[in-house]
Amino acid sequence: MLLRHTPKEIKERKALTINPAKTCQPVGAMYAALGIHGCLPHSHGSQGCCSYHRSVLTRHYKDPIMAGTSSFTEGSSVFGGQANLLQAIANMFTIYDPDLVAIHSTCLSETIGDDLNQIAQKAIDDGKVPEGKKVIFCNTPSYIGSHVTGFSNMCTGIVKGLAEHTGVARDQVNILPGWVEPSDMREIKRIAEAMGARIVMYPDTSDVVDTPQTGEYKMYPDGGTSVEAIASSGDSIKTLALGKWASEDAAKLLDSKFKVPFDVLDIPVGLSATDRFVEALANAAKVSIPDSFVAERGRLVDVISDMSQYLHGRKVALFGDPDQLIPLTEFLLDLDMIPTHIVSGTPGKKFTERIKELCAERAPNVNVKNGPQADIFQLHQWMKNEPVDLLMGNTYGKYIARDEDVPFVRYGFPILDRIGHSYFPSIGYTGGIRLLEKILGTIMDKIDRDSDGTDFELVM
Amino acid sequence: MSEEKKLPNPSELKEEILAKYPPKIARKRAKSMVINDTKLDQEIQSNVRTIPGIITQRGCTYAGCKGVVLGPTRDIINLVHGPIGCSFYAWLTRRNQTDPGPEGPDGENFINYCFSTDMQDDNIVFGGEKKLKEAIQEAYDIFKPKAIGVFSTCPVGLIGDDVHAVSKEMKEKLGDCNVFGFSCEGYKGVSQSAGHHIANNQLFKHVVGNDDTKPEGKFNINLLGEYNIGGDGFEIDRIFKKCGINVVCTFSGNSTMGAFEQSHMADLNLVMCHRSINYMAEMLETKFGIPWMKVNFIGGESTAKALRKIGEYFEDAELIARIEEVIAEELPLVQARAAEARKYTAGKLAMLFVGGSRAHHYQELFKELEMETVSAGYEFGHRDDYEGRKVLPTIKVDADSRNIEELKVEADPERFNPRASDIKLETLQKKGLEVSDYKGMKSDMADNSLIVDDITHWETEKLIDFYKPDIFCAGIKEKYVVQKSGIPLKQLHSYDYGGPYAGFNGAINFYTDIETMLSTTIWKKLKAPWLSKPSTDPSLIAEYVA
Chain A
1 MLLRHTPKEI
11 KERKALTINP
21 AKTCQPVGAM
31 YAALGIHGCL
41 PHSHGSQGCC
51 SYHRSVLTRH
61 YKDPIMAGTS
71 SFTEGSSVFG
81 GQANLLQAIA
91 NMFTIYDPDL
101 VAIHSTCLSE
111 TIGDDLNQIA
121 QKAIDDGKVP
131 EGKKVIFCNT
141 PSYIGSHVTG
151 FSNMCTGIVK
161 GLAEHTGVAR
171 DQVNILPGWV
181 EPSDMREIKR
191 IAEAMGARIV
201 MYPDTSDVVD
211 TPQTGEYKMY
221 PDGGTSVEAI
231 ASSGDSIKTL
241 ALGKWASEDA
251 AKLLDSKFKV
261 PFDVLDIPVG
271 LSATDRFVEA
281 LANAAKVSIP
291 DSFVAERGRL
301 VDVISDMSQY
311 LHGRKVALFG
321 DPDQLIPLTE
331 FLLDLDMIPT
341 HIVSGTPGKK
351 FTERIKELCA
361 ERAPNVNVKN
371 GPQADIFQLH
381 QWMKNEPVDL
391 LMGNTYGKYI
401 ARDEDVPFVR
411 YGFPILDRIG
421 HSYFPSIGYT
431 GGIRLLEKIL
441 GTIMDKIDRD
451 SDGTDFELVM
Chain B
1 MSEEKKLPNP
11 SELKEEILAK
21 YPPKIARKRA
31 KSMVINDTKL
41 DQEIQSNVRT
51 IPGIITQRGC
61 TYAGCKGVVL
71 GPTRDIINLV
81 HGPIGCSFYA
91 WLTRRNQTDP
101 GPEGPDGENF
111 INYCFSTDMQ
121 DDNIVFGGEK
131 KLKEAIQEAY
141 DIFKPKAIGV
151 FSTCPVGLIG
161 DDVHAVSKEM
171 KEKLGDCNVF
181 GFSCEGYKGV
191 SQSAGHHIAN
201 NQLFKHVVGN
211 DDTKPEGKFN
221 INLLGEYNIG
231 GDGFEIDRIF
241 KKCGINVVCT
251 FSGNSTMGAF
261 EQSHMADLNL
271 VMCHRSINYM
281 AEMLETKFGI
291 PWMKVNFIGG
301 ESTAKALRKI
311 GEYFEDAELI
321 ARIEEVIAEE
331 LPLVQARAAE
341 ARKYTAGKLA
351 MLFVGGSRAH
361 HYQELFKELE
371 METVSAGYEF
381 GHRDDYEGRK
391 VLPTIKVDAD
401 SRNIEELKVE
411 ADPERFNPRA
421 SDIKLETLQK
431 KGLEVSDYKG
441 MKSDMADNSL
451 IVDDITHWET
461 EKLIDFYKPD
471 IFCAGIKEKY
481 VVQKSGIPLK
491 QLHSYDYGGP
501 YAGFNGAINF
511 YTDIETMLST
521 TIWKKLKAPW
531 LSKPSTDPSL
541 IAEYVA
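From first to last, the protein sequence lines are chains A and B.
Quick note: the first sequence uses this note's numbering, first residue 1, plus one each step.
Quick note: the second sequence uses this note's numbering, first residue 1, plus one each step.
If you are wondering where the hints come from, they were derived from the structure by calculation, not from laboratory data.
Estimated spans, in silico, between C-beta atoms of each pair:
{"#": "1", "chain 1": "A", "residue 1": "D126", "chain 2": "B", "residue 2": "K533", "range": "50 to 58 Å"}
{"#": "2", "chain 1": "A", "residue 1": "D97", "chain 2": "B", "residue 2": "K408", "range": "45 to 53 Å"}
{"#": "3", "chain 1": "B", "residue 1": "D121", "chain 2": "A", "residue 2": "Q121", "range": "22 to 30 Å"}
Quick list of in silico lysine-lysine cross-link-like pairs, DSS-like style, CA-CA up to 30 Å:
{"#": "4", "chain 1": "A", "residue 1": "K133", "chain 2": "A", "residue 2": "K218"}
{"#": "5", "chain 1": "A", "residue 1": "K11", "chain 2": "B", "residue 2": "K133"}
{"#": "6", "chain 1": "B", "residue 1": "K287", "chain 2": "B", "residue 2": "K424"}
{"#": "7", "chain 1": "B", "residue 1": "K24", "chain 2": "A", "residue 2": "K218"}
{"#": "8", "chain 1": "B", "residue 1": "K462", "chain 2": "A", "residue 2": "K218"}
{"#": "9", "chain 1": "A", "residue 1": "K11", "chain 2": "A", "residue 2": "K315"}
{"#": "10", "chain 1": "B", "residue 1": "K20", "chain 2": "A", "residue 2": "K134"}
{"#": "11", "chain 1": "A", "residue 1": "K189", "chain 2": "B", "residue 2": "K527"}
{"#": "12", "chain 1": "A", "residue 1": "K122", "chain 2": "A", "residue 2": "K160"}
{"#": "13", "chain 1": "A", "residue 1": "K384", "chain 2": "B", "residue 2": "K133"}
{"#": "14", "chain 1": "B", "residue 1": "K130", "chain 2": "A", "residue 2": "K349"}
{"#": "15", "chain 1": "A", "residue 1": "K384", "chain 2": "B", "residue 2": "K144"}
{"#": "16", "chain 1": "B", "residue 1": "K527", "chain 2": "A", "residue 2": "K62"}
{"#": "17", "chain 1": "B", "residue 1": "K524", "chain 2": "A", "residue 2": "K62"}
{"#": "18", "chain 1": "B", "residue 1": "K390", "chain 2": "B", "residue 2": "K408"}
{"#": "19", "chain 1": "A", "residue 1": "K14", "chain 2": "B", "residue 2": "K144"}
{"#": "20", "chain 1": "B", "residue 1": "K168", "chain 2": "B", "residue 2": "K144"}
{"#": "21", "chain 1": "A", "residue 1": "K369", "chain 2": "B", "residue 2": "K130"}
{"#": "22", "chain 1": "B", "residue 1": "K533", "chain 2": "A", "residue 2": "K218"}
{"#": "23", "chain 1": "A", "residue 1": "K8", "chain 2": "B", "residue 2": "K133"}
{"#": "24", "chain 1": "A", "residue 1": "K349", "chain 2": "B", "residue 2": "K133"}
{"#": "25", "chain 1": "B", "residue 1": "K343", "chain 2": "B", "residue 2": "K305"}
{"#": "26", "chain 1": "B", "residue 1": "K168", "chain 2": "B", "residue 2": "K408"}
{"#": "27", "chain 1": "B", "residue 1": "K20", "chain 2": "A", "residue 2": "K133"}
{"#": "28", "chain 1": "A", "residue 1": "K122", "chain 2": "B", "residue 2": "K28"}
{"#": "29", "chain 1": "A", "residue 1": "K134", "chain 2": "B", "residue 2": "K24"}
{"#": "30", "chain 1": "A", "residue 1": "K218", "chain 2": "B", "residue 2": "K527"}
{"#": "31", "chain 1": "A", "residue 1": "K11", "chain 2": "B", "residue 2": "K171"}
{"#": "32", "chain 1": "B", "residue 1": "K462", "chain 2": "A", "residue 2": "K134"}
{"#": "33", "chain 1": "B", "residue 1": "K171", "chain 2": "A", "residue 2": "K14"}
{"#": "34", "chain 1": "A", "residue 1": "K133", "chain 2": "B", "residue 2": "K28"}
{"#": "35", "chain 1": "A", "residue 1": "K218", "chain 2": "B", "residue 2": "K14"}
{"#": "36", "chain 1": "B", "residue 1": "K31", "chain 2": "A", "residue 2": "K218"}
{"#": "37", "chain 1": "A", "residue 1": "K384", "chain 2": "B", "residue 2": "K146"}
{"#": "38", "chain 1": "B", "residue 1": "K214", "chain 2": "B", "residue 2": "K424"}
{"#": "39", "chain 1": "B", "residue 1": "K144", "chain 2": "A", "residue 2": "K11"}
{"#": "40", "chain 1": "B", "residue 1": "K144", "chain 2": "A", "residue 2": "K8"}
Here a beta-carbon is modelled for each residue, glycine too, at the ideal position from N, C-alpha and C.
With the hints as constraints, model all of the structure from the sequences given.
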């Protein structure tokens, strides 16, 4: 057994986290910053933070992830990191020539109280930021929230640093896609284009972390939302914020700063959330939903109805981030599956409320926990007490899946041992089919494997 | 290296690289980039602060302490005191294999688990000691481990949590659990290297020497600085076993607390990764009288050489004969495989920027493949790793190194027992065995090869342009940067999830993997075919077809 020390008996924990279902803020900020064209993310802290974040993002995307670090030493920890950051800003512009640098803090620089606003301004005043180049920043103390909070904080930092208001309204809708894969961001753009909706979406990591192999390395790949497009978002007619945890704060800021009204929607995972997104986008952009979407939706519905017998009544354990888990839970309920155990390390009262609301009718006994000590160890213990038919979560779930012999679908961040998430969306109607394909594939592989031979089915 | 095969002089490359830097930085980087002249004693600036914003490979002290040295030990709970990220990122990401054997009392294995106090803002404001104590208690209550290590992350040092006092208190309270702390905050030192040192110190203080049971083997050794990445340690253990050599403890691949506790009972320490573990070798020598020798089990010939060194040290005819038998049985297979692989590899160029020893050790494997190492450097090495321990007295101790505790170790009044006489050690030294010595990477590299310490991204790009190497060796952060430039990158931290590469079988694996990388079809198909065709005017083509 890989997790041989995980007991069935559950002891309450108040201080110890075991096998976390979250990581810390700065990695989210780094990922969000990569979704701006020509941006070099910068980690203001010890070297290890930057190294770890670059490593995990690289392993997840199998693509270059570039970022700078302030390389704190004991001296900078005592005297403050201003000198390091000023030098870093100057060096990055001199050596690596980005269009902009997006700084996020770390637990170290937050604990010592470095003022990023003041330091960034000093860098500009001291002439360390070349003409036409920008520095934006956000605070990402690792001891608050989770990686999702960090993503959200960088989105807010992007609005703060780059969005503008010219007074001339633009016939366009802002989409804050939330922490989704480049494939999902590409899919949102496809959906909007098919509907004839004019959108500005940021961040957009497509063509940044899923770049083509051409034999020529580009430090700043072709993708990412341009600074100009982001600037124009202050003039948009509406903002659709996908995912409360990742996108709401930035949408609120666009509203309070530039009077751009917003709606917070679920990330369009599965049937119902996609329905709501498509309708919301059509309303916001004042376009009609094309007939092709009826067919697209119909294909997803068709697969669900065709394969329902393999899904109906099966229990599922999930872990990951609130913005994904909420619509995923709703999707599983649409499939007549039973969300049974759900954990997220990301705090926020609204999470358990939403999950319980969704599950009230069809899965009233759902175990759900988020925030402190809501970890994969807890989830595993729940599974030992009430076994499930399917586990969904990031790569760390594979240790549980193997020990408990449970079909496992990789979903979320990070996925370190399989490819596909960069290229094939799991949002929208088409993404729903992909999720279903994965769920059915793993469940049916187990049925095949466990057949004694007499009931080995050719047609399923 | 013969005259006609001399490497190109990279002086102009170095100038071009430096030209991009502001003058002060150019001056600093110039000292870390040395064009090798084997006839000269050249100083290679290393173990100095990384310049902020320069884009470095380096990580932090915590990574070196928890991730590298303590990570591979299976029966200790490594509890990280700090915000969640530090523990999350070090969770199973280093591929230290371990063999806990069957389940039951001896089958403890916590490596697949990740433990953290997940510090929150109120812990930062009001202190985290109370939470740490509770977390230790909870870990003990659930798992009943024989040891708990507590690792400090950046904010812990700043807010003043005393992990050592808490550990001491909890050790006394729990009674049968060795609890000890590490002040390995990420900002200490200039790289992972400081973390290695801190880990060595605490293991030596709290664990080594706790069990005086005499090992059962006839030839008892410790293997130091071997972390069982991809099963390297298993392969070395296999060879040792075949030769009749008993490994008391490996620091720290596939290790247990019990093995650490007994390690002072061995009669010889073999040092693989000099950078990460030389402290332990020195302390074991001073306190217990165990001599150490530098060895390298990377490469078929190096493995044979390392084994012969052990034979010579023990001066036992039977052991020497057995070692020769094993070499005679295994080395020819390795050599035959190398000969096959050389059809693909001979004359190809390699570059290695990794670690504190691998950039040196792996040059042996490339030599066996008749590949040339045109440039190499360490991520976190010190001058002695480049220039040899002879420069130790001349290394200036700067503020960053001074902050890392240097344990004052003296001969143990009862247990000090010199395993070999000074005369014997001197004789071995004269025979060329590196006894208590390491000659470093530089002397093994060709003239005109470029040594670069703590290479930056900019330098990486320029080196690739200049040398157009066939294989680039580094880590995960560099992997796809280099590959997007059209050059295959071999990860030498994680082995690209392959291995083992140590020992005889490991060498064969490495030859095969390098041959595979150099003969992979896709590298020849990176460009769309139509981009290299002369006619691109579609109207002309359409007309012609019509």
